[in-house]
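Enquirer: Each chain, letter by letter, is given below.
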Amino acid sequence: MSQANNLLRLDTRTSKRSTMLLEQSIAKPRRDKVSLNAFAFLFAEIIRYSQNRVLGIQDLEAKLNELGKRVGVRVFELFMWREKTVHRETRVLPTLMFINTVVWRALFDKQADSLGRSTDNEDEYMITDNEPNILKYISAPKEMSSFSPGAFLAGIVEAIAEGCQCPARVTSHLVPAEGMPLKTVILLKFNKEVMEREKRLDAGK
Amino acid sequence: MIHAVFIINRSGGLIFNKNYSNQLAQLSSNEALIFAGTFHGIHALASRISPALKGNATRDLGIQTIDTKNFRMHCFQTPTGIKFIAATDLLLTDLTDALKSVYRLYCDYALKNPFYNLEMPIRSDMFDTMLLKLVQTS
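As they're listed, the protein sequences go chains A and B.
All letters in the first sequence, in the order written, are residues 1 to 205 by the working numbering.
All letters in the second sequence, in the order written, are residues 1 to 138 by the working numbering.
Just so you know, the hints here were simulated from the structure itself, not pulled from any lab data.
Just so it is clear, CB atoms sit at the ideal spot from N, CA and C, and this is done for glycine as well.
You can take every hint at face value.
Some but not every residue of chain A turned toward chain B, in silico, with C-beta under 8 Å:
| no. | residue |
| --- | --- |
| 1 | ALA40 |
| 2 | PHE41 |
| 3 | ALA44 |
| 4 | ILE47 |
| 5 | ARG48 |
| 6 | TYR137 |
| 7 | SER139 |
| 8 | ALA140 |
| 9 | PRO141 |
Straight-line alpha carbon distances no greater than 30 Å define the calculated DSSO-like cross-link-like pairs of lysine-lysine that follow:
| no. | chain 1 | residue 1 | chain 2 | residue 2 |
| --- | --- | --- | --- | --- |
| 10 | A | LYS189 | A | LYS136 |
| 11 | A | LYS183 | B | LYS18 |
| 12 | A | LYS183 | B | LYS100 |
| 13 | A | LYS183 | B | LYS133 |
| 14 | A | LYS136 | B | LYS133 |
| 15 | B | LYS18 | A | LYS142 |
| 16 | B | LYS100 | A | LYS142 |
| 17 | A | LYS142 | B | LYS133 |
| 18 | A | LYS33 | B | LYS100 |
Put together the whole structure using the sequences plus the hints.
Expert: Encoded structure:
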């Protein structure tokens, strides 16, 4: 009888680490580094899980995009809190700079490699990452060569853009370059209202 | 210099096979599969009849090198039963470190690849490029 009681007590005892996790201060990002290997395994399983439930590359990218959006919303709140500034970007260019520097540095410990504007359409902007380290171990087979696992990153960017009042349609594309087989370009196509608002604000200055 | 690399899974099937120099005759895919199966068998036999201590179960007790007149074959078995085999010239005597690096590459670019099914042949560009780089530098 006492052995059964002991067993019950063992089951309900919560580990010290999990209670400490909830009491950590979110302002100090001291212990929130996760090992890349652990995340790589989790991300690979996420992709495999999604692949079983979709019927095509577009759907798979859309599913990853949605997952990224959920992450992006929470990440946006956290980083605005940690920045301790009262100012939230609402214009297009400062939003892109915010994503490029603050968000990328907080998520991946480095800045996104370049920011550019598409020459063909004036409402398209591109964020380039030469070697996204969460995608380092993924190599798609030949029949899925157009699949870009950066769709997850695109989802994060889309949620943040929406949080900064510049809703956009974000997609990710693999552009293997010399020495950088994983170079990913995240294309943001801002909505029409955003571009019109930008034009009005620029004209009003 | 390394002539060829083979990887055999836990059931004896060949999952990776690549030649890096033209000094070894190119095996047809059938011959490579037969080679893998045979090697798997004799490795198991060797570990059974080995007079070494059986206390330490994770130590690699099977075949480690096979010497011939023209080349040497090295084998490294992981605790999970996967065998990494390299055929090299006679100058290299101990290839355990290089084979451990190949194991690390396998863990990285095959196991973390969502499009790789376990125990199946490895079809990953990243794995091929990184392995080529490793072979060229060793």
